[in-house]
Amino acid sequence: MIEGILIGLTTALTLQNILMVMVGCFFGTIIGMLPGLGPMTAIALMIPITYGFDPATGLILMAGVYYGAVFGGSTSSILLNAPGVPGTVATSFDGYPMAQQGKAGKALAIAAWSSFAGGTLSAIYLLFMAPSLSKVSLSFRSPDYFALMILGLTAIAAFSSKGQFLKAMMMVVLGLMLASVGQDSLSDITRFTFNNMNLTDGISFVLVVMATFAMSEALTIILKRNDPTSAAKQVSLTELGSIKINKEERTKMYKTIPRSSVIGFLIGVLPGAGATIASFLAYGMERNVVSDEEKEKFGKGSVNGLSAPETANNAACSGSFVPMLTLGIPGSGTTAVMLGALLGFGVQPGPRLYMTNPEIFWSIIMSMYIGMVILLILNLPLIPYIARILAVPKNYLIPLILFFSVTGIYVMSFNNFDIYLMIGIAVVATFLRLYDFPMPPLILAFVLGGLMEENLRRSLLLSNGSWEFLWDRTLTACILATTILIVVWHIYKTFKKKN
Amino acid sequence: MNINTTKIISLLFFIFSAFYLYTAYQIQVFAFDENAPFNARTFPIYLGYAGLFFSGLKLILPDPNTIKVDHKNLEYKKTGILILIAIIYGATILKVGYFLTTSLFLFASYYFLGERRWILMFLLSFPFVAAFMYLLHGILDIYLRDPFLQSIGVMG
Numbered sequence: 001m002i003e004g005i006l007i008g009l010t011t012a013l014t015l016q017n018i019l020m021v022m023v024g025c026f027f028g029t030i031i032g033m034l035p036g037l038g039p040m041t042a043i044a045l046m047i048p049i050t051y052g053f054d055p056a057t058g059l060i061l062m063a064g065v066y067y068g069a070v071f072g073g074s075t076s077s078i079l080l081n082a083p084g085v086p087g088t089v090a091t092s093f094d095g096y097p098m099a100q101q102g103k104a105g106k107a108l109a110i111a112a113w114s115s116f117a118g119g120t121l122s123a124i125y126l127l128f129m130a131p132s133l134s135k136v137s138l139s140f141r142s143p144d145y146f147a148l149m150i151l152g153l154t155a156i157a158a159f160s161s162k163g164q165f166l167k168a169m170m171m172v173v174l175g176l177m178l179a180s181v182g183q184d185s186l187s188d189i190t191r192f193t194f195n196n197m198n199l200t201d202g203i204s205f206v207l208v209v210m211a212t213f214a215m216s217e218a219l220t221i222i223l224k225r226n227d228p229t230s231a232a233k234q235v236s237l238t239e240l241g242s243i244k245i246n247k248e249e250r251t252k253m254y255k256t257i258p259r260s261s262v263i264g265f266l267i268g269v270l271p272g273a274g275a276t277i278a279s280f281l282a283y284g285m286e287r288n289v290v291s292d293e294e295k296e297k298f299g300k301g302s303v304n305g306l307s308a309p310e311t312a313n314n315a316a317c318s319g320s321f322v323p324m325l326t327l328g329i330p331g332s333g334t335t336a337v338m339l340g341a342l343l344g345f346g347v348q349p350g351p352r353l354y355m356t357n358p359e360i361f362w363s364i365i366m367s368m369y370i371g372m373v374i375l376l377i378l379n380l381p382l383i384p385y386i387a388r389i390l391a392v393p394k395n396y397l398i399p400l401i402l403f404f405s406v407t408g409i410y411v412m413s414f415n416n417f418d419i420y421l422m423i424g425i426a427v428v429a430t431f432l433r434l435y436d437f438p439m440p441p442l443i444l445a446f447v448l449g450g451l452m453e454e455n456l457r458r459s460l461l462l463s464n465g466s467w468e469f470l471w472d473r474t475l476t477a478c479i480l481a482t483t484i485l486i487v488v489w490h491i492y493k494t495f496k497k498k499n
Numbered sequence: 500m501n502i503n504t505t506k507i508i509s510l511l512f513f514i515f516s517a518f519y520l521y522t523a524y525q526i527q528v529f530a531f532d533e534n535a536p537f538n539a540r541t542f543p544i545y546l547g548y549a550g551l552f553f554s555g556l557k558l559i560l561p562d563p564n565t566i567k568v569d570h571k572n573l574e575y576k577k578t579g580i581l582i583l584i585a586i587i588y589g590a591t592i593l594k595v596g597y598f599l600t601t602s603l604f605l606f607a608s609y610y611f612l613g614e615r616r617w618i619l620m621f622l623l624s625f626p627f628v629a630a631f632m633y634l635l636h637g638i639l640d641i642y643l644r645d646p647f648l649q650s651i652g653v654m655g
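Sequence order for the protein chains is R and X.
Going by my numbering, the first residue of the first sequence is number 1, and it counts up by one from there.
Going by my numbering, the first residue of the second sequence is number 500, and it counts up by one from there.
One or more of the hints may lead you astray.
To be verified - List of simulated lysine-lysine pairs, DSS-like, C-alpha gap at most 30 angstroms: (1) X/Lys506 x R/Lys496; (2) R/Lys224 x X/Lys567; (3) X/Lys567 x R/Lys493.
Unchecked claim - Label-pair distances were calculated between CB atoms; the ranges are: (4) R/Asn464 x X/Val528: 15 to 21 angstroms; (5) X/Gly613 x R/Asn246: 45 to 51 angstroms; (6) R/Phe495 x X/Ala530: 43 to 49 angstroms; (7) X/Lys567 x R/Phe128: 17 to 23 angstroms; (8) X/Val528 x R/Met197: 44 to 50 angstroms.
Everything labelled a hint here was simulated from the structure, so no lab data went into it.
Since the structure is predicted, the reported quantities are computational estimates derived from the model, not experimental observations.
From the three backbone atoms N, C-alpha and C, an ideal C-beta is built for every residue, glycine too.
So that you can see chain X by itself, here it is in the shape it has in the complex (with noise of 0.2 angstroms):
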């Protein structure tokens, strides 16, 4: 058998499938739903063995189509500081504030992918969010949380 990267994600699919299966018999449903043609458990016990038997059929068959990665053309660190700077985002925005936390991301991403345009980083960032915040707080009426505005009275 041909071990190649996709039957490494199948296995772990296979896994992760099994796992989902225990659990699924775990599932407590009431006493007179124990036994009952349909309960709580019944769907999920199928689709853990659905998991099992698609993840199974892609580990036993033959991969006509197998697909080649470079992964040293791939951009590893940019991406991680994104996923990092998107992570820090969402850790910050409740307790900041939506404003602040979101034209400090905008402005730190674009910094991040190379860009170093300021003046155009600045206007992309801090007025586009107020100009967003605007549509959708003002004019489309959709409550948005931001403790720091509201600190400074500028939202109420």
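The following block holds chain R by itself, in its conformation from the complex (with noise of 0.2 angstroms):
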């Protein structure tokens, strides 16, 4: 393992990647500071700059990205109530009303230390975890494989939308089934292509992502007349106060953020959970876990309600690689679009990258350390700053939102074609918005199409075309024990609501 880190040490560390990962972590806090612009469309953004990269910089690029709009998304949740992304609306409960007495400063510092201190814990635990697990899913066989993304995807239809489970349920059937538009790859039959050439290929990745998330993003602020912009214009450089944190302060923050950590880890593992649920979740433990006075200051601007969702956000981020590295079956939609990413760059993440591309693994966990490092030194004195550059008003920013996604789709095809399709799913994706449609299962399912696909057509063809592999191994079965569990839960609830 030691050899491993210092080969990840001396890919991060290359002047180029740190350079990358300032860029990213500068451009991610900008985006995440957005509300209803998250890290799947900053990511987005991201693609046609990476191609120019190699493998491991390209990703360590996106990773920066991540985290630069996790710690944007709580900067807005603390100075505007006007959480970026879903993962920081926990931190808005006692974050803003911290801004309110005047220590939007105090907020921001102990919002910046606590995502430093949950994410190089949770690089501390994904160095351990990831080469143990690497090695026990190498005994993963396909039908495991089939089982495990089968789980990943009903996971992420129960989390993302909710009360909305069979709309999920409905994209991510949306989402495999435009993965399978294109030639079968094993044998080069073409399928839902309409003798249409530009369609032989398939539908490309990045097209995809661009439509469901940056074009269609950009759209919906447009048709629901949304300035994300316009709250930022209120924010006076001279209000924020103090970023000095106390003693009595820094000691709360050293109970709550161990056990936050963990928490946000562990729920950032499980496909599907991610930051929003591990926040909420850290939130809601650490009101249990305080004394009755303590309790009584949780959303009027306690200091642990501020760390503990932010310690656990951040470290469900690093957890939700564990999955993408380790078995190559992202856990949340950002990962997705990573994973995606790497596809692109012909880079297979499981668990043989960890001994094919040993620098590409971990480079990617020696850049989440450095990235952490980067936010804390580059952000903390430059939040006031940044938040002044989100005054640029919508007028401007979402001409430049398409621009990029055009731009992403141009470079990599030269075809109209791609263009026209692209607009076409993104006035379908911003219509389905409307509607509360969740577009991550989508992303997911369009991601993990051919490879579920690739591990069904192994598991049958190993049982002779019988369905007994679901059950034959006990892991395949618990897997699939789970998902059904999810499924049934959730139509239940849905029952129950209307009766």
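Assemble the dimeric complex from its two separately framed chains, guided by the hints.
Printed below as a string of structure tokens:
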């Protein structure tokens, strides 16, 4: 492992990669601050830029964007009570009241230090857990992978949209259907192309991500007359106050951070769960374990109440890399986008990545830690100024997002058809968003579609067409039982709510 | 049954799944693959049934979280114009080239979204695109096709 860490450090600490982490963190912070534009959009917009780099650098850039976006979301939660990403909603419970009391600087500092500590601790957990899990997952067979993918898709559908499980499952199926367009990987038979040559190679992953996230979010902002930047105009540089944290506050944070980081990391590892659930759970748990006197302060500017979700959401980000790096199955929409980008680079994440591309595996882990340090150094003193950058009106912001989306497709294919297809998918996605159909399950399904079919093919061929492979192995049966429980529970909840 | 837009979307998805399933059954597979446990049409067929199942459930089951969208408050005009500009952009980018079409796309989008600060609009279109092109093409070595710039000798 020491050798791996050194490989990772050597790769991550090159001037180019440090610069990439800095650019990623800065860009991610700005996008993450904008309510409605989350890490997935930020990463999607970065994909065309990563084409110019090697896979390790490209992924380091995207990881920096991810952390930056989560941190940026916390900033808008604290300053504006407008969470940039769902994972930072819990941050606003105590961060915003603190800012209203004239302690915005302190709240930002607590958030920054908690994020840093949460991210650092979880990077350490990842350091130890990922290689072990990689070795364990080498014993996984096709039926296990197939069952795991079903579980991942069901879990993301269950968690991504509150009370909209069936809508999310429809999006999962739509994502898998989109992934099935083009040549069959084994027989080269074309499917659903309707004799259109442009569809022979299938629909590009970048196209789907750009259409369902970047472009459709931009169109939704215009359609709903939202202005994500309007609130930022109210932020005054002089209202932030001191960023100094006193001894009493530090003592509280010392207790909160370790337990919240463990919760955050473990929730992040679970497929589909992620930063939002992690931050709410950590907030809830913290409220239960503190003294009655401290409990009273929750919701009114509690240090523990702010530190817990901030630690947990960053820890969950690192945790979500575990299934992606070790199993090749992303646990969240954001890591699905990163997996898609990795596949585009010709790198297949999974248990063998640890052996075949150790420089990628370890440099991602090491760059997480470096990213945390950079976020702390870069963002803490610069937050007031970054907040001012957000006063850029939407009249400029929206065309720029559309421009990045179209450029991403243009540099990839030099094809009009792809641009039309992207616009078409974006229009449909915008309409679906209006009615609360979640997009992350679609992306995850699109990325996993090919792998899922491949594993089902192998399983069915090995079992001579019998579906017994689903319960032949204990592991497969357990995974599927969990999936069935999730489905039954959500359908039961729908019935119960109505009655 | 309470008919709302979510139900209509579910119905459309049901019809789409039925069409997908029909098309999946029409996929031509090799003769020796016809009776194989798994062939090119197996997975799509399962997907078609899954689509029918989930959209069917959504249609039948009650919808406790009905989403109501106030269409009067939606900005259809600007969104439509923006989509139209994007389509024109897509149609011309290959023939005219990246620089000119992208700059004009940005300029037109700023204008239709209500911006009237001409100098800023100009700076955030033509010079901005030139700088971005330099980043992609010049620094990152990502090829950008541009017949216009090639015709005036700016690009090789």
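Hint-by-hint comparison with the structure:
Of the supplied pair hints, the one linking X/Lys506 and R/Lys496 holds, its CA atoms being roughly 19 angstroms apart against a limit of 30 angstroms. Straight-line distance between C-alpha atoms of R/Lys224 and X/Lys567 comes to about 13 angstroms, which keeps the hinted pair within the 30 angstroms bound. Note on X/Lys567 and R/Lys493: the hinted pairing holds, with a Cα-Cα distance of about 21 angstroms set against a maximum of 30 angstroms. In this structure, R/Asn464 and X/Val528 meet the distance hint of 15 to 21 angstroms, their C-beta atoms being roughly 18 angstroms apart.
Take X/Gly613 and R/Asn246: their Cβ atoms lie about 47 angstroms apart, and the range 45 to 51 angstroms holds. Range check, R/Phe495 to X/Ala530: Cβ separation about 47 angstroms, and the 43 to 49 angstroms hint holds. X/Lys567 and R/Phe128 have their C-beta atoms about 49 angstroms apart, which leaves the hinted 17 to 23 angstroms range violated. At about 21 angstroms, the beta-carbon gap between X/Val528 and R/Met197 misses the expected band of 44 to 50 angstroms.
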